[in-house]
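K.L.:
Below are the chains, spelled out letter by letter.
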Amino acid sequence: MMGHSFELSIGLASHAAWRVTVLGPLAWLGLLLSALAVHAQPSRPTLPLEDRTNGHHTLAVLNEFFPAALACVVHIEDSQGKTVCAATIVDGDGYVLMKASELPELKHMHVKLVNGRAAGLREIRRDSRMDLLLAQAIGVTGLKAANFGGTRSLAHGQWLCSGSGKNRALRIGIVSANRRRVPGLGAALGVRMDEKQSKNGKGVRIVSIATDSPAEAAGLMAEDVIVAIGDERVEQFKRVHEIVSKRQPGEVVEVRYLREGKTLASRVRLASRTKVLQNWEGEDFANGGISLRTDNFPDVLQHDLPLVPADMGGPLFMLDGSVVGINIARVDRVTTFALPTEAFWAEVRQWIDFDRQPPKAQSVNVD
Amino acid sequence: MAMVGIAVNAEVPKTDLNTLLQVQSQVQKLFPQAKAALVAIQTGGGTASGVIISPSGLLLTAAHVVDKPGREIRVVLQDGTVTMAKSLGVDQATDAALAQLKDLAKPWPSVNLSRDLGKAQPGEWCFALGHPGGFDKARGPVLRVGKIVKQTANNLHSDCVLMGGDSGGPLFNMDGEVIGIHSQIWEERDQNVHVSMAPFLRSWDAMQASQVIRVWGIGAGGYLGVATRMTDQVELEVADVIEGSPALRAGVLAGDVILELNGDAMTDQHQFTAAVKAKAAGDVVNLKLRRAGKERQVVVTLTQKPKEESTE
Chain G
1 MMGHSFELSI
11 GLASHAAWRV
21 TVLGPLAWLG
31 LLLSALAVHA
41 QPSRPTLPLE
51 DRTNGHHTLA
61 VLNEFFPAAL
71 ACVVHIEDSQ
81 GKTVCAATIV
91 DGDGYVLMKA
101 SELPELKHMH
111 VKLVNGRAAG
121 LREIRRDSRM
131 DLLLAQAIGV
141 TGLKAANFGG
151 TRSLAHGQWL
161 CSGSGKNRAL
171 RIGIVSANRR
181 RVPGLGAALG
191 VRMDEKQSKN
201 GKGVRIVSIA
211 TDSPAEAAGL
221 MAEDVIVAIG
231 DERVEQFKRV
241 HEIVSKRQPG
251 EVVEVRYLRE
261 GKTLASRVRL
271 ASRTKVLQNW
281 EGEDFANGGI
291 SLRTDNFPDV
301 LQHDLPLVPA
311 DMGGPLFMLD
321 GSVVGINIAR
331 VDRVTTFALP
341 TEAFWAEVRQ
351 WIDFDRQPPK
361 AQSVNVD
Chain W
368 MAMVGIAVNA
378 EVPKTDLNTL
388 LQVQSQVQKL
398 FPQAKAALVA
408 IQTGGGTASG
418 VIISPSGLLL
428 TAAHVVDKPG
438 REIRVVLQDG
448 TVTMAKSLGV
458 DQATDAALAQ
468 LKDLAKPWPS
478 VNLSRDLGKA
488 QPGEWCFALG
498 HPGGFDKARG
508 PVLRVGKIVK
518 QTANNLHSDC
528 VLMGGDSGGP
538 LFNMDGEVIG
548 IHSQIWEERD
558 QNVHVSMAPF
568 LRSWDAMQAS
578 QVIRVWGIGA
588 GGYLGVATRM
598 TDQVELEVAD
608 VIEGSPALRA
618 GVLAGDVILE
628 LNGDAMTDQH
638 QFTAAVKAKA
648 AGDVVNLKLR
658 RAGKERQVVV
668 TLTQKPKEES
678 TE
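So the protein sequences, as listed, match chains G and W. For reference, each letter of the first sequence is one residue, going 1 to 367 in this note's numbering. For reference, each letter of the second sequence is one residue, going 368 to 679 in this note's numbering.
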């Protein structure tokens with residue numbers, strides 16, 4: 001590894017170590033053994049899918065009354081009608097909340113309402129601290145809004161549920177860990193770079209690309225030579241660190257690079273640095289992927305609902321239909337974060353009030 | 368609002384709301400004690416989980432976590448306290464392993480293990496604890512609730528989703544007893560594999576007392592009763608001498624460097640283990656040891672395996 005630089009070296013030794021020693025057997029041995037087990041034990045009784053924790057027999061009782069509560073879940077679609085992510089209706093006059101880093105811009109997006117109608121969106125407030133985006137569905141009133149309730153009584157083991165996917169299929173899970181602040185380390189591309197300058201003195205050579213990383217998604221490859229990020233030419237790996245680490249997960253940067261003598265450019269959507277480093281070889285595979293931004297939240301509830309990144313922005317319910325938060329990050333196979341009501345609701349209410357009645361310019365008395 | 372179009376077959380017993388709420392309150396009742404018995408295990412290069420199953424500090428974990436008998440492992444309790452344990456028996460075939468916390472003075476917080484294997488049937492509710500991704504004090508242990516999906520000869524499968532770092536952690540039944548130890552994951556979300564109590568109980572019943580389980584893995588042949596490790600100077604050193612063993616009676620001490628056995632130079636652990644195993648109970652071996660720069664010879668009469676010794 002000498003002479004190669006990850007985007008960050010803090011704590012890397014320990015991450016690299018547990019990847020190999022403990023994650024290795026758990027994931028790889030498992031994949032290896034699955035075929036064997038099928039042949040060896042054909043007749044063991046296996047719980048049918050519909051009777052499992054998230055099977056429809058288990059959930060039938062909830063599905064009897066949940067459709068009403070799920071009416072506050074809507075989806076954002078792009079201009080081709082493709083579902084981008086979920087959103088929560090927070091006020092009958094069309095105000096919706098979303099996960100900001102999933103929607104760098106709202107220009108060509110529309111919201112698909114429960115009755116099948118679509119409406120354009122007006123961006124009102126983007127808050128990077130909580131990763132929330134407030135918008136209003138244009139010309140829509142009379143929507144059913146989420147009924148936010150307090151979360152102070154929630155303890156480990158409390159059942160929670162959410163809708164998943166376009167058809168809002170109900171999913172249940174529990175409060176699974178302590179409520180807390182989740183620190184962050186900024187953004188990353190997911191590239192390991194050569195510490196030496198490239199031969200012709202121009203650019204920074206990519207040594208390897210992290211699995212499921214922003215760089216991989218944007219089509220960057222090992223041996224590409226990065227020559228510029230945004231408007232700035234780069235010649236040293238340290239400078240790439242500096243530029244990227246000042247950005248936020250979810251932001252888009254343009255990377256220009258040399259490949260086989262040609263200069264190419266890719267738009268890369270950055271992800272949380274912590275996650276890219278811990279998941280370098282895809283160890284934390286999450287059956288459906290993880291969110292770009294998974295950290296740097298002031299306050300989260302952690303739960304084990306089987307959701308996917310596009311479900312983020314949707315509401316998190318108690319079994320009685322009250323909403324305790326907004327799902328904000330799919331982190332790994334066992335972890336989803338939600339912002340609890342108290343973390344955002346008072347502030348969001350103010351944004352809505354200001355939007356309805358912008359504070360008038362105050363007359364100033366000069367004595 | 369129209370009903371969602373899910374066909375509910377009247378023949379199939381549905382889970383009613385009451386059942387879900389009972390599962391919730393039972394898990395919440397059992398969680399404090401289960402959490403106290405959960406530990407994080409930090410071996411040389413990895414972090415994993417384990418569970419204390421006796422007040423004397425016996426620990427269940429997975430074989431791929433501790434790797435081999437006699438290993439020193441760092442154990443982190445849920446409040447962040449760090450203590451030490453030593454791995455005992457390891458069953459590579461089933462991934463079952465035992466360890467012993469070294470501090471014997473205190474009664475450790477513990478949970479019971481289930482001895483009724485038949486109870487863990489597909490469809491039963493269960494809950495999992497562990498430290499996925501490693502110990503994180505702010506986050507605390509991570510709880511998952513689910514159902515048993517399948518039971519095989521040595522394993523349980525559940526839909527309690529696991530990931531790296533959970534290895535060795537406990538799966539509980541609704542009585543708060545340990546029914547599984549997290550072992551593997553397959554590709555699908557519902558494919559989480561735990562070692563059942565079967566491999567543990569099989570060996571347990573054969574040996575009965577915990578002193579006996581301490582020396583699992585020493586195997587057939589003569590019994591000496593030392594655990595070894597390789598020092599930084601690549602010398603073979605006595606890491607620990609087992610209580611009541613012939614080595615202890617002959618004056619072998621932890622920290623002694625083993626130079627020779629019956630005149631043969633000893634340079635690594637496998638060679639030493641094989642040399643001891645090759646002797647029978649009653650055989651006399653000459654050990655050449657070094658301590659604080661001084662060499663000495665110790666004569667040890669090997670005994671039977673500790674199964675018999677524990678009944679002395």
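Treat the hints as calculated values from the structure; they're not laboratory data. Remember, it's a predicted structure, so these values are computed and weren't measured experimentally. A hint or two may mislead.
[To be verified] Simulated restraints, written as ranges between beta carbons of each label pair: (1) W:Ala505 - G:Thr211: 47 to 53 Å; (2) G:Ala155 - W:Glu491: 32 to 38 Å; (3) G:Arg181 - W:Gly611: 34 to 40 Å; (4) W:Ala505 - G:Asn147: 27 to 33 Å; (5) G:Ile138 - W:Pro399: 49 to 55 Å; (6) G:Val84 - W:Glu554: 45 to 51 Å; (7) G:Glu105 - W:Lys486: 27 to 33 Å; (8) G:Glu50 - W:Ala641: 37 to 43 Å; (9) G:Asn147 - W:Thr519: 54 to 60 Å.
[To be verified] Here are the simulated lysine to aspartate or glutamate pairs, EDC-like style, with alpha carbons at most 16 Å apart: (10) W:Lys486 - W:Asp446; (11) W:Lys381 - G:Glu50; (12) W:Lys381 - G:Glu242.
For each residue, glycine too, the CB sits at the ideal point set by N, CA and C.
K.L.:
All hints, please: hold or fail.
P.N.:
We went through each hint and held it up to the structure:
no. : hint                            : in the structure
1   : W:Ala505 - G:Thr211: 47 to 53 Å : 27 Å, violated
2   : G:Ala155 - W:Glu491: 32 to 38 Å : 23 Å, violated
3   : G:Arg181 - W:Gly611: 34 to 40 Å : 51 Å, violated
4   : W:Ala505 - G:Asn147: 27 to 33 Å : 30 Å, holds
5   : G:Ile138 - W:Pro399: 49 to 55 Å : 51 Å, holds
6   : G:Val84 - W:Glu554: 45 to 51 Å  : 26 Å, violated
7   : G:Glu105 - W:Lys486: 27 to 33 Å : 56 Å, violated
8   : G:Glu50 - W:Ala641: 37 to 43 Å  : 54 Å, violated
9   : G:Asn147 - W:Thr519: 54 to 60 Å : 45 Å, violated
10  : W:Lys486 - W:Asp446             : 32 Å, violated
11  : W:Lys381 - G:Glu50              : 10 Å, holds
12  : W:Lys381 - G:Glu242             : 56 Å, violated
Hint compliance for this structure: hints 1, 2, 3, 6, 7, 8, 9, 10, 12 are not met, and every other hint is.
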